[in-house]
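Enquirer: With the hints as constraints, model all of the structure from the sequences given.
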Amino acid sequence: MKHQGKCVVEETQPIVIDVGDGAAIPKPSDKGLVSAWWLSFIGALVTLGCLLYFKPNPYWRIFKFIPDGILVTFQVTVSAIALALVIGLITGLGRISRNKYINLVASTYVEVVRGVPLLVQLFYIYYALGRVVHVPDLLAAVISMSVCYGAYMGEVFRAGITAIAVGQTEAARSLGFTRSQTMYYVILPQAWRTILPPVGNEFIALLKDTSLVSILGVADLLRRGREFASESFLYFETFTMVAVVYLIITLILSKLVSFMEERLSHHVKR
Amino acid sequence: MSNDSPIIRISDVSKYFDDVAALSHVSLDIAPGEKVVIIGPSGSGKSTLLRTINRLEDISSGKIVVDGFDLDDKSVDINKVRMEVGMVFQSFNLFPHKTVLENITLAPIKLKGMDKADADAMASRLLDKVGILEKADVYPAKLSGGQQQRVAIARALAMSPKIMLFDEPTSALDPEMIGEVLDVMVKLAREGMTMVCVTHEMGFAREVADRIVFMDGGQILEIATPEQFYNNPQHPRTQKFLEQIL
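Residue numbers (numbering that gives the first Met the number 0), protein chains in the order written: chain L, 0 to 269; chain Z, 0 to 245.
Simulated from the structure, these hints should not be mistaken for lab results.
Glycine residues also receive a C-beta, built at the ideal position from the N, C-alpha and C atoms.
Treat each hint with caution, since some may be false.
[As the list claims (entries may be wrong)] Computed list of lysine to any residue pairs in SDA-like fashion (alpha-carbon distance at most 25 Å, straight line): (1) K109/Z / L187/L; (2) K79/Z / M182/L; (3) K99/L / K109/Z; (4) K161/Z / T177/L; (5) K141/Z / E236/L; (6) K62/Z / T177/L; (7) K111/Z / F258/L.
[As the list claims (entries may be wrong)] Pairwise CB distance ranges (calculated): (8) V77/L / G112/Z: 52 to 62 Å; (9) D136/Z / V134/L: 44 to 54 Å; (10) R97/L / G32/Z: 34 to 44 Å; (11) N98/L / Q243/Z: 28 to 38 Å; (12) R113/L / G32/Z: 54 to 64 Å; (13) N98/L / G202/Z: 41 to 51 Å; (14) P174/Z / L44/L: 31 to 41 Å; (15) Y15/Z / H133/L: 53 to 63 Å.
Expert: Right, here's the structure in full:
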């Protein structure tokens, strides 16, 4: 990786939109993955069913204890993704800006965030924020997660925008649209379609990564599990349950993203 | 040739990509209502020259004045100038996320503040003119290349430009669709539009052009009426080019 400003500026990579650290998104054409999806999904449901049915104690107790945590996990995920989208849009536009200072700031942000482990960032932002203002744990968690994911989202936006053919910009500019009007009326509405699937992917990755915020004292799914385990000392049983619940959630979400992808590609072919 | 003062005045324009001269010391005046066809082998700089007229390409030196506006003058709003200069591209470049009608009305509504009903009515008129009114509510992907290019012409006309630029408008088309696009262009020419066309369509050039500009190596080698150009070309390079294509 070159770190000179100029190299970063001119680094307009070809169309690589695949930010593949989320759950594998099943593709209709990919039969192997589809069956892997079904196998995992049915396996997870059967495991959950059997545990609840055959060993209601302790599994039923655990199952009743953790739903608050699921709710918090979703709260953190949805708020963080919303904020990350905003940061990502700004960062993505900054990365393709012709102003070299804006460009440098956006690129540096991306470099720094990508270079520091998420857990370290969480601690850092949490305690850094704590020095300036007192913010609730939940808010601190959301801010930390969005700062991190905003950088990844910025790359998604950048790739989505640069994937739109230059002729679109030229056509709009030749009609008299300014640079920002062109972006708003012509480029972003098209880029959105390319961007949505990887955003769905990031959403799933983010949902899993929110388990890290349990360390900051946010009562998410993992935290609730840990609370239960530390009272009951049933560590194995509790984390089995937590893992199965996470798995079911991410599998459902990845299927949703896959549907969305399919519908979008349909839309484009129309 | 009319005696009006030129609506486009290109004076001693050069343009360099890195060290390569894409245009070198090009000068050309175009009168209002005039039809100029630019011809030349690929890489001759003809598209580059066309694209400097609405500043899709910046120039390295020289001066271009369009409808009284010096394009390099910092106080000139290039977007205002571009509203007066329609452009049609080789690859159509219709907006795929908008219907045919929306493609045409987007700029008048957003840039001129035209209200939607008026814009729709105008778009329908233009679509009728280019002969595809029935496709108004279709998305561009559903259209043939010839139809897309006719929509692109209608889109450019929707801003009521004084000048129309055509950048190889038929080069990406299947042969059977070229005619329908050229017909629209001929119609436009008859209405008195100022047109600058980069094209390989010799029949069109012969029929419509007031002057033909022959370029090679980033320079204008010859400017002539179609009559002179085809029957009695002066420059040896022009003679050779015509031998090859005719």
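Enquirer: Now, for every hint given, state plainly whether the structure supports it.
Expert: To see whether the hints hold, each was checked on the structure:
Distance check on the hinted pair: K109/Z and L187/L sit about 16 Å apart at the alpha-carbon level, within 25 Å; holds. Our distance criterion of 25 Å between C-alpha atoms is met by K79/Z and M182/L, whose separation comes to about 18 Å. For the given pair, K99/L sits about 29 Å from K109/Z by alpha-carbon distance, which is inconsistent with the 25 Å threshold. Simply put, K161/Z and T177/L have alpha-carbon atoms about 20 Å apart, close enough for the 25 Å limit, and the pair holds.
With a C-alpha separation of about 57 Å, the suggested pairing of K141/Z with E236/L is violated against the 25 Å cut-off. For the hint pairing K62/Z with T177/L, the CA-to-CA distance comes to about 23 Å; that is within 25 Å, so the pair holds. For the hint linking K111/Z to F258/L, the alpha-carbon distance of about 40 Å lies beyond 25 Å, and the restraint is violated. Between V77/L and G112/Z, the C-beta spacing of about 38 Å breaks the proposed range 52 to 62 Å.
Taking the beta carbon of each, D136/Z and V134/L are about 51 Å apart, inside 44 to 54 Å as hinted. About 37 Å separates the C-beta atoms of R97/L and G32/Z, a value consistent with the hinted range of 34 to 44 Å. Take N98/L and Q243/Z: their Cβ atoms lie about 47 Å apart, and the range 28 to 38 Å is violated. Evaluation of the 54 to 64 Å hint for R113/L and G32/Z yields a pass: the beta carbon distance comes to about 58 Å.
In this structure the hint that N98/L and G202/Z lie 41 to 51 Å apart at CB holds, the actual value being about 48 Å. Take P174/Z and L44/L: their Cβ atoms lie about 59 Å apart, and the range 31 to 41 Å is violated. Range check, Y15/Z to H133/L: about 59 Å between beta-carbon atoms, so the 53 to 63 Å window is met.
The structure shown violates the earlier hints numbered 3, 5, 7, 8, 11 and 14.
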